[in-house]
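Novice: Chains as they are written, first to last, in the working numbering: chain A, 2 to 258; chain B, 2 to 258; chain C, 2 to 258; chain D, 2 to 258; chain E, 2 to 258; chain F, 2 to 258.
Misleading hints may appear alongside valid ones.
Claimed, not checked - No farther apart than 20 Å at their CA atoms in a straight line, the calculated lysine to aspartate or glutamate pairs in the EDC-like style are these:
1) D:Lys196 - E:Glu253
2) A:Lys196 - F:Glu241
3) D:Lys25 - D:Glu216
To be verified - Calculated Cβ distances over 12 Å to all of chain A for the following chain B residues:
4) Glu13
5) Glu21
6) Lys25
7) Glu28
8) Glu38
9) Cys48
10) Asp65
11) Thr90
12) Ser92
13) Gly166
14) Glu194
15) Lys195
16) Arg228
17) Glu241
18) Leu250
19) Pro255
The hints are simulated quantities; they were obtained by calculation from the structure and are not laboratory data.
Being a predicted model, the structure only gives us computed values, none of them experimental.
A virtual CB, placed ideally from N, CA and C, is assigned to each residue, including glycine.
6 protein chains.
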Amino acid sequence: MNKSNPDLFKLENMTWPEVENAIKKAECALIPIGSQEQHGPYIAESCDSRRAEKFAALLGDKLDPLALITPTVSYGISPHHMNFPGTITLSPQTLVSLLGDIVGSLHDHGLDRFVLINGHGGNDDTLGVAVDTIRTELPVRLLAFKYTSLAAEAIEAEVDSDFYGHACEREVSELMYMAPEIIRENRIEPGEEKKLLSFKQHPVNLGVDFDEYTENGALGDARQASREKGEKIVETALAEAEEIVRDFLQLELPDRN
Amino acid sequence: MNKSNPDLFKLENMTWPEVENAIKKAECALIPIGSQEQHGPYIAESCDSRRAEKFAALLGDKLDPLALITPTVSYGISPHHMNFPGTITLSPQTLVSLLGDIVGSLHDHGLDRFVLINGHGGNDDTLGVAVDTIRTELPVRLLAFKYTSLAAEAIEAEVDSDFYGHACEREVSELMYMAPEIIRENRIEPGEEKKLLSFKQHPVNLGVDFDEYTENGALGDARQASREKGEKIVETALAEAEEIVRDFLQLELPDRN
Amino acid sequence: MNKSNPDLFKLENMTWPEVENAIKKAECALIPIGSQEQHGPYIAESCDSRRAEKFAALLGDKLDPLALITPTVSYGISPHHMNFPGTITLSPQTLVSLLGDIVGSLHDHGLDRFVLINGHGGNDDTLGVAVDTIRTELPVRLLAFKYTSLAAEAIEAEVDSDFYGHACEREVSELMYMAPEIIRENRIEPGEEKKLLSFKQHPVNLGVDFDEYTENGALGDARQASREKGEKIVETALAEAEEIVRDFLQLELPDRN
Amino acid sequence: MNKSNPDLFKLENMTWPEVENAIKKAECALIPIGSQEQHGPYIAESCDSRRAEKFAALLGDKLDPLALITPTVSYGISPHHMNFPGTITLSPQTLVSLLGDIVGSLHDHGLDRFVLINGHGGNDDTLGVAVDTIRTELPVRLLAFKYTSLAAEAIEAEVDSDFYGHACEREVSELMYMAPEIIRENRIEPGEEKKLLSFKQHPVNLGVDFDEYTENGALGDARQASREKGEKIVETALAEAEEIVRDFLQLELPDRN
Amino acid sequence: MNKSNPDLFKLENMTWPEVENAIKKAECALIPIGSQEQHGPYIAESCDSRRAEKFAALLGDKLDPLALITPTVSYGISPHHMNFPGTITLSPQTLVSLLGDIVGSLHDHGLDRFVLINGHGGNDDTLGVAVDTIRTELPVRLLAFKYTSLAAEAIEAEVDSDFYGHACEREVSELMYMAPEIIRENRIEPGEEKKLLSFKQHPVNLGVDFDEYTENGALGDARQASREKGEKIVETALAEAEEIVRDFLQLELPDRN
Amino acid sequence: MNKSNPDLFKLENMTWPEVENAIKKAECALIPIGSQEQHGPYIAESCDSRRAEKFAALLGDKLDPLALITPTVSYGISPHHMNFPGTITLSPQTLVSLLGDIVGSLHDHGLDRFVLINGHGGNDDTLGVAVDTIRTELPVRLLAFKYTSLAAEAIEAEVDSDFYGHACEREVSELMYMAPEIIRENRIEPGEEKKLLSFKQHPVNLGVDFDEYTENGALGDARQASREKGEKIVETALAEAEEIVRDFLQLELPDRN
């Protein structure tokens, strides 16, 4: 985080003449997408939005001046967490429309490439559908990824818990590095997992509710989390993401209509 | 802002057991709604979102523990500003769906009353449609207002410019009180208004682009803005809003299905 | 009403060669929009449609040959009157689609400007959304107004009741001037208002049902209505509307695609 | 037309207490549906709406007090006439939604049976889809017919032209009986038919434009029309319709939800 | 069925270079559309899909190399059969979208004419709506027919039952000729018709469930069916269809956008 | 394939009394979903549909009598193959609606569990969205998987090509085992891959067209395919699928509304 003002390339913090200027050099927009959903008794519900937002800021810093950052999409696809208070879920159609409107508006201002930076696994399918849908409607290039999936090996190396993936050792570690203020450190406890979890070993989409997996909404043992683990995971993902996006910027563009 | 932790009643900052607890006393959710759109050469484009978010926090503080606050809806209806770089506009249908999903989710968690706190005039009609649409689909009570419209007299008394309503003396004053960090004070300049403005005196909906009104996207003379004016406007609106919401909480509820 | 055949510029009364001819001179279409909803025990439920239709005819007469008039949209947005028998309400999405189809068809025939003449306050938000939606999809100019809002001062001067706005002194006066046949004069009685009405002083959108305001569906004291009051209100609105539309016809058009 | 006030059972002409009363005896609503489309150089474009409206009034009179009549749906499905000035076409989806809203509203007021009285062949498929769609969503009975299809034999017997079906001898005859004011008698001329017409003998849906069939938008020889022919056709259809609706009222109702 | 490989012109059986080649000569695509719905106790539920598919293959053979055949649409509009196990019904909107996507994709590959070959009467209205909808969105020619409606006279001559139209003498005869494998010959029995059937003599759309017509889901007396009757009906329809499609291929095309 | 009549549990081959009987024992429906899209110069375009259909039949055989099989969904999500002739793509929304209608209909007949058997990777995201969407609307259990993803280790062990995943050694091997009739053996050739392929190593969603990856639409070297490899892959996936589905049938059901 070596930038004097890391927020300058965020559209929400810029005036229109500043955007007009920045857009001359920018070659893509980064769109951070999170969720408002339960993350166990020790993480605030904005966990995924915060992580996506911070990750996008770090990535934007590395890519400067090639990328602008949109306001974070703070709501995601969370039907499976609705049995825990406070979770808010969009219908997939709403999120696809929302992203289509954002991309379409910025395309009008001259941008042709868009990177959907996802902080919540539950959004993955909908973002895939958004990519298929939007690129059929507009002559743009789209790239979408869940940023942690870019650090699979680092995660395997760092995480000690048997299970992870939500309100877990990995997520708390990331937050310790990027957004410690939303952890309730004194409330951290192991996930109260349930038998159904055996299902997780199959790569299938099983439409279950998260309280069928875990009583307290958490997985694994977040007590093993550390800022160091988080730093390794995030920085690995960041290096990968930077490379991918720079490659992405080389791809040929479809003709503007 | 007399609260030790003014953000505690924001859903994004709470864990699910904290929400579970708070929702026992809460009788409504406040949903702040802004926009990402040009506000002249001297206000960052998140102007309306920031103001709605801050206003909702101040109002939540007064209503505590009766209100919870959702993550801010950072995008609004801004087709009329699309000729200025950086503006992002949703289609009205997208915003109605988004609000319907938010209300529906929180209704599942036990809330029955929802207050749409609007910071952007361009959203007004869509929020009206959202009220009509959502209350037909769900047995909930909805209240929507543009918060500055609650302080019409104070605004008339405080504002000296001939014109106001966007990137203006009134808006800069409000920001000086609530979010001075997004003003570029040294760039403040008068609105470069155009003849078309004569139309504004009729209470009609004329689908024009904002650059038909003003060259630099601003109205009136924001150099006359002051934190004091902002405080009077905001605090007046706040007192009105508190009274309205408290009355609203007395209204009978429709039967849950 | 000084025209020999006031209905000639209504599209429903014209053959296609007559339209072909008229469209050479016409520069806009007027689209009257009303409702089918309760108007107390003394006005037929087509009140708003009749008033919008008559007003459009009077305005068309003044603008002749610059305006054509479409068939009246007889259904509007009336969820708040659904507790009274006979009320029919459209979903806002239906009305937006309907208006989009009408505008799109006439745009195909060469018209580029459209005036939505609204006779029902409950339609206002949806018409605003229609303006935002349609002008994003088609290169047209749109103007929308509730015609009585053009005569605010005259109404203030003429109306004696404490409350008005629906099935009231103002509306009966207008009908006495424009469509006396749908008044049941011998049934006129004061509105049976309820306490909730105190809310009405705030400029907020409170999604309530009309029977929470008034027992008989009426407001104020319609016994004070007169044809003279109606004439003043309607003729004032008419003069304003004519001026506004003539100005509107001067606005530059977007390029046809 | 033996009723003193034939319009009394029209919802648009009734106050809410009158509807409340009438609905106690009424067992169905009649919904007249027409079009705004070219009908050759000698019939005004509201031809189908007028005929549907008049037919519904005549039918309502016979069924009194069993039927209420809704405001006429003045717009229909007319893409095939769009090459003639003045035609306005809805998308099928819009019309289905509009009818769904009308039926849903009246179902809320206690009606369970609905008769779609169609005056325009081009609406037939969409009304079929409306029946399939609405009865899946609501526990109602629906009946739809193009009223002239109930008088096929009478039409065969009365009409002398080789072709008919639009702006034709049959339609002008009907209008002479039901709505002579929208005929331009001195403009009546034969249809300027084209070779493509051979297609008409197959019962297929060929998505063609009407100007591929006929130069002036008319078919056959409307000069052979007469009020007497119209009376026979209309009265035959009316007798059939009355019988069908009375049978329809005997059909068992699905359970209200 | 004189072709060595009658399936060669089916898109599902071709590689992309084979399609690339065939599309140079092909001037239309045939789209067979059926249903998955009850057909009495003696016909499998794919009856309509099988018949449409076979008919399209026979027609494609006659038209070779002018027509390509798409995969059969195996689901149709069957709300009226939902009271019999196994029936699956699409909403009309789903089928319209599905057909729009198929037509749009093949239009991208260079085809401009599309023939919807319908095997199920319940699809007729939705296919009509599909024609109106798709040809408004894309510059294509569309033709739709229920193939048995092309053989009305042959059917009248061949069929002896009083009633037919579903799981009947006519349908079993057709299957004996085209797809005998889905008949349970030893289960054939007369339709167990009910009184409601009197309604069938009116050309009206009465939204009834099929079990209101017949206890066992069948009509008439299928025991009178024969392969010979089926051959006459199918071959008559085939000859008509070939002629119609060849004429259709002569119709002028709209300009590609 | 040890069953005398492997097609008996396919809904399309059953009469309604047979379904009525079978549904008493059946505890789920299998829904095979494929695509119509290019698969290189040596596989017919129905490749994915055939494989999904055959796999579902084999699985149904193992699960008999617990599973019924619906007609195959022959169209999928293939925008990335549209630059190759013959490909047909649905919009994701269409496929979600289609699956929702199928599930909804069978739920009406008493089934509560549904297994989406996917033969095409491009469908994965849309099926995930379908699961999230449908289970929010209906009280059903849904399970979705791309069947080859259940045999990841077997595939790694069997496949020798560097790349695979489409029109490849793996897919041809599977077809040799399940549907050899759609392979053009004499046309098999290596994929003509392009540099862009380096992207494939990242787990990201990059909205590219398949002709950016490969000139002839194929990947890897399908000449190394064999029936034995196919058998191992398919039988491994089958054993996994059977186990997963049997576990799935143990999951608790949501209450029927």
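Novice: Against this structure, judge whether each hint is valid.
Specialist: Each hint, compared with the structure:
no.: 1; hint: D:Lys196 - E:Glu253; verdict: holds (13 Å)
no.: 2; hint: A:Lys196 - F:Glu241; verdict: holds (19 Å)
no.: 3; hint: D:Lys25 - D:Glu216; verdict: violated (51 Å)
no.: 4; hint: Glu13; verdict: violated (4 Å)
no.: 5; hint: Glu21; verdict: violated (4 Å)
no.: 6; hint: Lys25; verdict: violated (10 Å)
no.: 7; hint: Glu28; verdict: holds (15 Å)
no.: 8; hint: Glu38; verdict: violated (9 Å)
no.: 9; hint: Cys48; verdict: violated (9 Å)
no.: 10; hint: Asp65; verdict: holds (17 Å)
no.: 11; hint: Thr90; verdict: violated (5 Å)
no.: 12; hint: Ser92; verdict: violated (6 Å)
no.: 13; hint: Gly166; verdict: holds (17 Å)
no.: 14; hint: Glu194; verdict: holds (17 Å)
no.: 15; hint: Lys195; verdict: holds (17 Å)
no.: 16; hint: Arg228; verdict: holds (20 Å)
no.: 17; hint: Glu241; verdict: holds (28 Å)
no.: 18; hint: Leu250; verdict: holds (20 Å)
no.: 19; hint: Pro255; verdict: holds (21 Å)
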